[in-house]
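Colleague: Note that the working numbering gives residue 51 to position 51 of the sequence shown, counting from 1, and the numbers run on in steps of one.
FYI, nobody ran anything at the bench for these hints, they're computed from the structure.
Because the structure is a prediction, the values reported are computed rather than measured.
Heads up, the beta-carbon is just placed ideally off N, CA and C, and yes, glycines get one too.
Do not rely on the hints blindly, as some may be mistaken.
[As the list claims (entries may be wrong)] Pairs of lysine to aspartate or glutamate residues, derived as DMTMM-like cross-links and limited to a Cα-Cα distance of at most 25 angstroms, are as follows:
| # | residue 1 | residue 2 |
| --- | --- | --- |
| 1 | Lys58 | Asp46 |
| 2 | Lys140 | Glu123 |
| 3 | Lys140 | Glu104 |
| 4 | Lys140 | Glu120 |
| 5 | Lys58 | Glu154 |
| 6 | Lys58 | Glu42 |
| 7 | Lys140 | Glu154 |
[Said to hold, decoys possible] Label-pair ranges, simulated between beta-carbon atoms:
| # | residue 1 | residue 2 | range |
| --- | --- | --- | --- |
| 8 | Glu144 | Leu85 | 17 to 25 angstroms |
| 9 | Gly67 | Ser119 | 16 to 24 angstroms |
| 10 | Pro93 | Asn15 | 37 to 45 angstroms |
| 11 | Ala156 | Asn9 | 14 to 22 angstroms |
| 12 | Thr97 | Asn15 | 17 to 25 angstroms |
| 13 | Phe49 | Asp117 | 41 to 49 angstroms |
| 14 | Pro93 | Gln61 | 34 to 42 angstroms |
| 15 | Gln61 | Ile7 | 21 to 29 angstroms |
| 16 | Leu60 | Asn25 | 13 to 21 angstroms |
| 17 | Met146 | Tyr23 | 37 to 45 angstroms |
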Amino acid sequence: MSETDLISNITTVINSMNHSLEYANTFYRSLTNQSRLNVSAETIHDGAFEAAGLGYVKWLQDNVNLGWFVYQVSRIPCVYGWAELANNLSETPNVDTASMFYSEWIQANLDWSYGADHSEMLENEVQYHNNSETFMVYNKLFREGMLFEIAFFESAIGRELPVA
């Protein structure tokens, strides 16, 4: 890899991290804003994180160490999971379309463009990261991510994780 390519890759990672931090800050402000969801900061800070969520976050954090592209592959189930969940919730009978939750979360995630953008980004980069050895890794990460995503949402609705 040339020095120019390395600098370009580092810049891409830094920009992605900055975007993620800004997204997290915007999400927090949206949660706590009195004219929006109005969740108290105490509720957020005192909240408990279920085992499925903790495992998922730890798994994603560990995947960062595998490299930018591998991490992006591991995020595919999450990227598409939010839109899939929002679409299913929007079709639920008696959904309260006037609720703050509907306008702030369901409606905001109905659009598949984020997933399409993520897919396009991966398609543009796959030629630099794909070979006979990496395919097995990507496939494994996708399947693990799907299992984590399912467990995460099942825990959110109160389903217990099976004991091994």
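Colleague: Would you mind marking each hint as holding or not holding in the structure?
Modeller: Structure-based check of all given hints:
| no. | hint | in the structure |
| --- | --- | --- |
| 1 | Lys58 <-> Asp46 | holds, 20 angstroms |
| 2 | Lys140 <-> Glu123 | holds, 18 angstroms |
| 3 | Lys140 <-> Glu104 | violated, 33 angstroms |
| 4 | Lys140 <-> Glu120 | holds, 21 angstroms |
| 5 | Lys58 <-> Glu154 | holds, 18 angstroms |
| 6 | Lys58 <-> Glu42 | holds, 24 angstroms |
| 7 | Lys140 <-> Glu154 | holds, 21 angstroms |
| 8 | Glu144 <-> Leu85: 17 to 25 angstroms | holds, 19 angstroms |
| 9 | Gly67 <-> Ser119: 16 to 24 angstroms | holds, 18 angstroms |
| 10 | Pro93 <-> Asn15: 37 to 45 angstroms | holds, 42 angstroms |
| 11 | Ala156 <-> Asn9: 14 to 22 angstroms | violated, 35 angstroms |
| 12 | Thr97 <-> Asn15: 17 to 25 angstroms | violated, 36 angstroms |
| 13 | Phe49 <-> Asp117: 41 to 49 angstroms | violated, 28 angstroms |
| 14 | Pro93 <-> Gln61: 34 to 42 angstroms | holds, 38 angstroms |
| 15 | Gln61 <-> Ile7: 21 to 29 angstroms | holds, 25 angstroms |
| 16 | Leu60 <-> Asn25: 13 to 21 angstroms | holds, 19 angstroms |
| 17 | Met146 <-> Tyr23: 37 to 45 angstroms | violated, 22 angstroms |
When each numbered hint is compared with the structure, violations occur for hints 3, 11, 12, 13 and 17.
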